[in-house]
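First to last, the sequence lines map onto chains Z and X. For the record, in the first sequence the residue sitting at position 90 is 89 according to numbering that gives the first Met the number 0, with numbers rising by one throughout. For the record, in the second sequence the residue sitting at position 357 is 356 according to numbering that gives the first Met the number 0, with numbers rising by one throughout.
Please keep in mind that the hints were generated in silico from the structure rather than gathered at the bench. Among the clues, some could well be false.
[Stated by the list, open to error] Covered stretches of chain Z (chain X as the covering partner; in silico rule of three or more C-beta atoms under 8 Å from a C-beta of chain X): (1) 7–13; (2) 58–64; (3) 88–97; (4) 179–185; (5) 209–223; (6) 228–239; (7) 249–257.
No experiment lies behind these values; they were computed from the predicted model shown. Glycine included, every Cβ here is placed at the ideal spot set by N, Cα and C.
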Amino acid sequence: MSKWFRQVGWRHLVAVLAVLFSLGPIVFVLSAALNPLGTLSSSTLIPTGASLDNFTRLLSDTDFPSWFLNSVLIAGLAAAASVFLSALAAFAFSRLRFAGRRVGLLSLLLIQMFPQFLAVVALFLIFSRMTDLWPAIGFNTSAGMILLYLGGALGVNTWLMKGFFDTVPKELDESATVDGASHAAIFFRILLPLVAPILAVSGLLAFIGTINEFLLANIFLTDGGSKTLAVGLYGLVQGSERNTNFGIFCAGTLLTAIPTVGVFMYLQRYIVEGLSAGAVKG
Amino acid sequence: MTTQLGGPATRALPAPEKFRERSESAAGRIVKIVLLGLLVATAIWAAFPLAEGRHWIGLGVLAATTAGLLYLYLTRRHIPAKYLVPGTIFLIVFQIFPVLYTASTAFTNFGDGHRGSKADAVTAIQTASVTRVPGSTEYALSIATAGDPATGALVFLITDPTSRAVSIGDAGGLRPAPGGVTVNSAGRVTAAPGYTVLNAGQASARSREITDFAVPTAAGAIRSAGLSRAYEGKAVRAYDAATDSIRDTVTGQVWRADDELGAFVAADGERLAQGWRVGVGFANFTRVLTDDTISRDFLRTLIWDFVFAIGSTGGTFLLGMFCAIALQSTRMRFRGFYRIVMVLPYAMPSFAMLLVWRDMFNTDFGLINNVLGTGVDWLGTGLTAQLAVLLVQLWLGYPYMFLVTTGALQAIPAELTDATRVDGAGPFQSFRQVKLPLLLVALTPLLISSFAFNFNNFNAIYLTTEGGPFPADNPSNGATDLLITYTYRLAFGGSGAQYGYAAAISIFIFLIVAVVSAVSFRRTRAQEEVYS
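Same shape as in the complex, but just chain X (with noise of 0.2 Å):
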């Protein structure tokens, strides 16, 4: 190794970190070379698109950071940021971006029906309401794609029946076509370059949402009539900017925007169904806490994941505890046999192991059932659904505590337990005033995030009950639910979605786990210096 090149006058300073850096050997050079070159290559590879796309605060924010991560490595300074640096851009992008992007949701309306911006809104209500109007023209129509046929974007291929002149029609309207396009006697393009022309079969496969399309146009749009077929039909409903409102040109009915609901209203109360993103401030919040339904539901969902979390560490430990204690003395043959078996439940497959739990509970032809000769329908009541999940959790956790337990076992010197022996204490006594304090000690911190694992253990309950089961009058909350089986049912289940309802439950989530955890780590930082 070569010493540090450089005047007596630096090295008479004290070194700003515990590490200087020195000069690296031939090989530690070549390999920053490498990924240097790797990373500017990569930047490379990225900025093309971007530039292409003219999203120039991304070039912006690329080419900063890639100019930041050499002038990082390329210095002597900056030691402990060349160590953190690489795990905190993940963290950054995919971690933290998204979580305060979240946040940010629990502030609005965002969800089914409040998606996009006002603008939007009233598009979609004014192409929604197109009515064919009699005698309006009749186009040929072609469906196809840009891209994969079964996924990627609609456009209708739309030829004028006296003029025979194609034009494309998209989300954002019809253009006229391009040259290259085929089209045959009947009036229908049979082939467009960049576009794939639709069959019979891969048209009905997406009839749903061919129906639902249409080309927005200076009178209304234009809609499908079956696959081959389209007409332009008059909006029923518009909107009107002098006075801020949809009016319905049939039943004269008008409803109002509502810049705080971030809907359209009528006199009556009625909403339209399409609105937009507004801010609501804390009122997703105060909903959990005010509206009587939802705080009961709340509440009883919290004291559950409270008891599930709490039973599914706790029982583990203490299960993978006594099997550590049992397996601990030298005297027993097969030690090693019944550990590997021991513990093959924590090595297979947790999400498949949940779904065959899921199976072995069925009632009619469910293995727990046909061992015991059983008729009980254990996932379909409450209190059973809860003992079924508990079960389960104590199959798959208790390996691991039996794994960290006999390891911190195995630190626990031998001569103590003698000492205990000496002084004339039981081995039940000896162990619960001096091994148990021990233990408990050194695995707090990791109970602890068992603890918050469990807490918001998705795949135990969802793959298992999937919160289940529910009570008659109430499909939204179910006995087994835990807040994040609850939020994931608000955000994602059927009955619409509710991004920003769902974003502040997650984050009264968050709140607890970490209060709870804050809490026990004072307490455990109070037995031992952790930040040392």
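The shape of chain Z in the complex, shown without the other chains (with noise of 0.2 Å):
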């Protein structure tokens, strides 16, 4: 074995293998959504053609654009107003002291630990009444389903971004304080600016959360143009329609990566820094 070998040469041997393992399943969707007969049976890892017919069939037949549309706003919106929320709280957290600081912390981490959706029977009566009431943020609405994941927000990433937070010298805040600064001004003009890391990282799994949240979705958004991608997808797929649609099914499925992908090279920079930092202080 040569020294090459010993210092880098098993390290690009790892690296391709982890490449191919994880291109793997990638190829098989972009080749079954250009395989111009779109059926799971006809479907190869190498492609036997290219036609875009799956992709045609897709925006036709089918409510995809809506579902596509309903998905970013519905996870769009709800990570956003979540990453503020948490940052609110893991303010509170990490800077302030006050009574029932530590219940709160853990009761916080106790609640998520609870399976959120098998209270959706609970979950279901309640928004019976609220459709009933406010028809505009009730069943087949997305601004219910921003509602019902805001419930959510507090919770892991509270964590995560007190742990960031609190690797941010408490002196900057305490000289500006001195300065004048008001708490709020703290807040929004020393801290956020340099949590950026860990806010675009709760951001993302946010995102990325409430795109593949499918069982509240499935049950809350029944109505064909309300439903999301996750909802929509699957129903492509169920029973008999499995083969036949396994083509359109993959075409979204490419589509609907745009989005997360998207989100994740343009935060990249952030992300290794955001997860680790976070993760070093619980």
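The task is to assemble the complex, starting from two chains supplied on their own in separate frames and drawing on the hints.
Set out below in structure tokens:
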């Protein structure tokens, strides 16, 4: 074994194997999406032909455009709002000292461990009532889904953020206080810009989480045009449609990946930093 | 920035919190006014339907909440609350309240056949037993809905054959129709203000609901005979309040109300399907532990759930860490490229990729069998299905661990590695004894939350195997079922919902995850002060 292999070569070997493992299913999806026959049984790893039929069928025969819009809207707004709400809470937990702080942190952690969607019967009853009173935030509305997802806004993200906030030296806000800054000024002007990496990461995690949320959306969004990508695409490959619609489904999967991959590439430089620094202090 | 206005006395006092509220900037004040204005506007918007529906308690809660929020943001005190309250409100309404509600159903028999009150059950039993009496009047019937033809609540528009009077019937009973109803020559209503009269196609789409629909009347109930005729029938089973029992007038059979079971029970033990909701104490919990079949299912599922959660978390962590270490050397080229491609699975929509993996494991035309040239029925036998699910988890999860470990590795000073080399340690020994412990300290909180997430990873199972494969004799508990999918099937599965029992299991799940996490966090905290 050469010295080069022991020091560098094996790293390339590991990386290439990992890349192959990562890419395999994605290439399969790509090739199935381009497959002119569009069925599961005719899909292979290497494309046998190329056509955009699946994409045109997806856009013309299904409600895909509105699913896409709904998903991006719901996930985008819910992620943004939840990042803001948890940043507020994380600021309080990291910088302020008050009675019940420790209890608050612990209860957040505990509540998050209750499988939320098992409360789906209760949520369903709440939403039936809400639909009667305020149809604008009831079933089949994006606004209602956003409110529902904000129920979990505090929680894991608050912990991750608090850990990151703790790494910003407290001397910074102390000196600002001396200069006469209010707590709001310290939060918005000093702390938020410094914690951009963790905001980006939490936002990304919340966005990915919401785009992939299937169960609640499946129960609350039953109307064709109000569905999200997860519900709509799942409907495409249910039961007997599974084989025939596989090509369109893969086309939809690729299009769904665009916003996340986009956000991901955009936030890349923050992600590693944010995840690890937040993790260090829990 | 302006300084705080106030007498010397207030200034001399120590601040109650770390920060004192100062006068805000002009921009800050405008934003505050706009936001509070929006809050009041929303509250007024929400108040109207509440007042209209006479929901006084709801209105009171709304008014109190709004007043509380205005007070909170208009005074200078309670600074921590200003930051905690917005998220907490959502947490209470959409998380804590539903969870408490669910927890309380764990002590009831809530589920199919036990949904409403005793009075509801009596009405349901009586109307369900309505049969046609020879010679009863036949009414002309139009089927209408309030609102959308496909989903709106059903309404019967009934025309009396002799008087031609039109009545509106719904689950609440029969009442005379208001004016403005159009009746055709056959006596059927063709239009009624406020209702959508269904055409034949729309009606037949909901024919099953229409057949089950009954309008209670004094003598029994009005039911449909086809889509254009209705008859008034007599209830064969009647409730007798004096003896608190249901009596069948044809067979003479009697079912007595059992308020502990929430059902009407005959002397021979036969129960009527329609029951009502009663508290059952700890019966749902003890059932899990004492009923032999159930506790065997529960235990088996619990063990697999642990294997799955530990396997998913551990597997992704090991692979992710290995890749992170491999890519750590600065002497390596193409690192950026490798990193981006390796992380791609994390950015793909996981719900869709789970469905794709499900099809990749297909026996006949799945990719795995095609590439390997095998004919394994991956999702058909317990062990292979479990392996398949873990492989999917590995694929979906290792990029996250890779990213996290990469970050944590960067945080470990290079001097440490250099120092171990000086002391004569090889690369492996240096990793195992210096880097790995440091990594674990940094990543344990994430590993714990990853464990908790995977322990309840509903999508991972539901979208790939739906819990299957199932043993031939037990369709309710499959080889890859996690507690969460098992519970989901109990609550929403085909064979009768058991919400109360499902809620009891979710409390067990909660306790298990909470205990595991609490123990691990306690051990982590010994290494590092989290609450500082």
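To see whether the hints hold, each was checked on the structure:
1. For the segment 7–13 of chain Z, the assignment as covered by chain X holds, since 5 residues bring a beta-carbon within under 8 Å of that chain's beta-carbons and 3 suffice.
2. Using a Cβ-Cβ cut-off of 8 Å, 0 residues of the segment 58–64 of chain Z lie near chain X, which falls short of the minimum of three, so the contact claim is violated.
3. Beta-carbon proximity to chain X at under 8 Å applies to 7 residues in the segment 88–97 of chain Z; the threshold of 3 is reached and the given coverage holds.
4. A stretch counts as covered by a chain when three or more of its residues have a beta carbon under 8 Å from one of that chain; for the segment 179–185 of chain Z and chain X the count is 7, and the coverage holds.
5. For the segment 209–223 of chain Z, the proposed coverage by chain X is satisfied: 4 residues have a C-beta within less than 8 Å of a C-beta in that chain, meeting the threshold of three.
6. Only residues whose C-beta sits within less than 8 Å of a C-beta in chain X count toward coverage, and the segment 228–239 of chain Z has 5 of them, enough to reach three; the restraint holds.
7. Figure legend: the segment 249–257 of chain Z, annotated as covered by chain X; annotation consistent (5 residues with Cβ-Cβ distances under 8 Å, at least 3 required).
Violation of the numbered hints given earlier is confined to hint 2; every other hint is satisfied by the structure.
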